[in-house]
Amino acid sequence: MTQRMFICRCEDVTVAEVDHAIGIGLESVEEIKRYTGLGTGPCQGKECTVALVHLLLDRGRITASAVQPFTARPPAEPVTLAELASLAELTGPAELAAPAELASPAGEAPPSGATP
Amino acid sequence: MSPRPTLGSRGVALPAACDVAIVGGGVMGLATAYHLSQVSRLRVVVLERSYLVSGASGRNGGGVRMQWGDEGNVRIMMESIEICRGLTQELGINLWFRQGGYLFVARTEAGEARLIRNAELHRAIGAPTRLMSAEEARELVPDLEVSGIRLAAFNAEDGVVFPWPFVWGYAGQAIRRGVVVRTHTAAIAAEPDGSGMRLRLSTGEHLRAQIVVNATGAWSHDLNRSLGIALPNRPHRHEILSTEPLKPFLNPLVVDLQSGLYFSQSTRGEVVAGITVPGGHDDGTVVDQRSSLRFLAHLGANLVALMPRLGALKVLRQWAGPYDVSPDGEAIVGPTPGIPALLQVCGFTGHGFMMAPAVGRILANYIAHQQRHPMLERWDPARFAGGATLRREDMIIG
Numbered sequence: 047m048t049q050r051m052f053i054c055r056c057e058d059v060t061v062a063e064v065d066h067a068i069g070i071g072l073e074s075v076e077e078i079k080r081y082t083g084l085g086t087g088p089c090q091g092k093e094c095t096v097a098l099v100h101l102l103l104d105r106g107r108i109t110a111s112a113v114q115p116f117t118a119r120p121p122a123e124p125v126t127l128a129e130l131a132s133l134a135e136l137t138g139p140a141e142l143a144a145p146a147e148l149a150s151p152a153g154e155a156p157p158s159g160a161t162p
Numbered sequence: 127m128s129p130r131p132t133l134g135s136r137g138v139a140l141p142a143a144c145d146v147a148i149v150g151g152g153v154m155g156l157a158t159a160y161h162l163s164q165v166s167r168l169r170v171v172v173l174e175r176s177y178l179v180s181g182a183s184g185r186n187g188g189g190v191r192m193q194w195g196d197e198g199n200v201r202i203m204m205e206s207i208e209i210c211r212g213l214t215q216e217l218g219i220n221l222w223f224r225q226g227g228y229l230f231v232a233r234t235e236a237g238e239a240r241l242i243r244n245a246e247l248h249r250a251i252g253a254p255t256r257l258m259s260a261e262e263a264r265e266l267v268p269d270l271e272v273s274g275i276r277l278a279a280f281n282a283e284d285g286v287v288f289p290w291p292f293v294w295g296y297a298g299q300a301i302r303r304g305v306v307v308r309t310h311t312a313a314i315a316a317e318p319d320g321s322g323m324r325l326r327l328s329t330g331e332h333l334r335a336q337i338v339v340n341a342t343g344a345w346s347h348d349l350n351r352s353l354g355i356a357l358p359n360r361p362h363r364h365e366i367l368s369t370e371p372l373k374p375f376l377n378p379l380v381v382d383l384q385s386g387l388y389f390s391q392s393t394r395g396e397v398v399a400g401i402t403v404p405g406g407h408d409d410g411t412v413v414d415q416r417s418s419l420r421f422l423a424h425l426g427a428n429l430v431a432l433m434p435r436l437g438a439l440k441v442l443r444q445w446a447g448p449y450d451v452s453p454d455g456e457a458i459v460g461p462t463p464g465i466p467a468l469l470q471v472c473g474f475t476g477h478g479f480m481m482a483p484a485v486g487r488i489l490a491n492y493i494a495h496q497q498r499h500p501m502l503e504r505w506d507p508a509r510f511a512g513g514a515t516l517r518r519e520d521m522i523i524g
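Sequences listed follow chains E and V, in order.
Every position in the first sequence, counted from 1, becomes a number in this note's numbering once 46 is added.
Every position in the second sequence, counted from 1, becomes a number in this note's numbering once 126 is added.
Treat the hints with caution; some may be incorrect.
[Unchecked claim] Restraint-style ranges between C-beta atoms, simulated for each label pair:
(1) GLU93(E) <-> HIS495(V): 49 to 55 Å
(2) GLN164(V) <-> ARG55(E): 37 to 43 Å
(3) GLN114(E) <-> ALA356(V): 32 to 38 Å
(4) GLN215(V) <-> ARG105(E): 28 to 34 Å
(5) GLU262(V) <-> GLN114(E): 46 to 52 Å
(6) PRO124(E) <-> PRO466(V): 30 to 36 Å
(7) THR411(V) <-> ARG55(E): 38 to 44 Å
(8) ALA143(V) <-> ARG105(E): 45 to 51 Å
(9) HIS495(V) <-> ASP104(E): 45 to 51 Å
(10) THR329(V) <-> ALA118(E): 28 to 34 Å
(11) ALA438(V) <-> ARG105(E): 38 to 44 Å
Hints are computed from structural coordinates only; laboratory data are not their basis.
Nothing here was measured: the structure is a model prediction, and the numbers come from that model.
We treat Cβ as the ideally placed atom computed from N, Cα and C, and that holds for glycine.
Model the full assembly from the supplied sequences, consistent with the hints where possible.
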């Protein structure tokens, strides 16, 4: 692999960028994902995880027996929001019922959730 | 060439003693460590039980807003956003900070009244929030389905960040300034030690510190329990998703006050969206980070109803993270009742990330120089001793 070679084609992460991450002390697949963005694009790591593991093995950062991939996130493959919206019927009518307007100024306590 | 900062590692040597031991390598602990390294010569150690960015700081939606319902919260977020403006340069890392504004939409008379009251408050304080009609909101977000929307409120200075580099940036600069950041090391118990405290670590090591800061957020219950401290903050599971990236098409982060749905487009191009699923319940003190199909379905239905064009957009991944919820919605920051050497910086109820730039500075100035920011009075951990507490804020929306 050359330094200019892409290791994650979805997020344009190069071998040089992964080497930089290794150089500042990051050692696991989870950390390198969160530092470089590797594996967060449309393939969700299906293409790049193995290439990253080989690179980490080459660099002597991990041993084959101890290597862990990053946590797989659902869905298994990309799904449109419209398809997901159609599932709302399957999860019961309560799922679609919007809660009443939250937290009236009169002082009713809002639910524990919050928006960023 | 300046020396390269290293990020925290499991291999870094710990001193036997330090001035300030910060438990929790999330944005709150690392921002505090970074500011301590700026305003003092105190010896600071940060302990993270996993890797950096593994907890709630790596799981939140990255929204930063000054549109709050209470003056103190508006002011602290004005402070935080002001810090964010220069933080990419200060930390030397791209935070993907983008001020596209927050657009709140209200569908009921009560919601409309809240937006009007907030806008008056914001005007008095100097936060540039303006009210707009549904039609004006659609000019801002052309594909919004605005039927049923009575009023909207927009603040152009609110925005979004990408949370991951935020955490790395604080860690890298803190380490560069002499802070020790040790990962994969949990504080499993703490006991009083002279005027300070002694921490027992998962590695078998011990660390003595004059001051210990519990910055573990939704996990803070565990360390507090080891000391017999009963504070009322509890974890609450919140789910979120992100989609395939698109070219920029959505400027503000949009919040529907009625459903609690929020969505934004990050600078990376993906749509990040969350909502609290009705009927969910939390199990006591245990942090639950499972994700659910119920969430995907509920979010999909609400988001497609509000912006039908997004129906064709594909979801790439979903995950969950904990809010650290306090009973009155106010953070819990300051000395622990009965144990003054243990400071809490917890209970931010889903808004810790956006407040961290300001809170890190406030807490550092408190630790190093005993400066008391006005918010420290209402965030006092001792306030729960008297029973019921006052809820000031009603812009906590789930």
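Each hint tested on the structure:
no.: 1; hint: GLU93(E) <-> HIS495(V): 49 to 55 Å; verdict: holds (51 Å)
no.: 2; hint: GLN164(V) <-> ARG55(E): 37 to 43 Å; verdict: holds (40 Å)
no.: 3; hint: GLN114(E) <-> ALA356(V): 32 to 38 Å; verdict: holds (36 Å)
no.: 4; hint: GLN215(V) <-> ARG105(E): 28 to 34 Å; verdict: holds (31 Å)
no.: 5; hint: GLU262(V) <-> GLN114(E): 46 to 52 Å; verdict: holds (50 Å)
no.: 6; hint: PRO124(E) <-> PRO466(V): 30 to 36 Å; verdict: violated (52 Å)
no.: 7; hint: THR411(V) <-> ARG55(E): 38 to 44 Å; verdict: holds (43 Å)
no.: 8; hint: ALA143(V) <-> ARG105(E): 45 to 51 Å; verdict: violated (35 Å)
no.: 9; hint: HIS495(V) <-> ASP104(E): 45 to 51 Å; verdict: holds (49 Å)
no.: 10; hint: THR329(V) <-> ALA118(E): 28 to 34 Å; verdict: holds (29 Å)
no.: 11; hint: ALA438(V) <-> ARG105(E): 38 to 44 Å; verdict: holds (41 Å)
Figure legend: structure checked against the earlier numbered hints; hints not met, in rising order: 6, 8.
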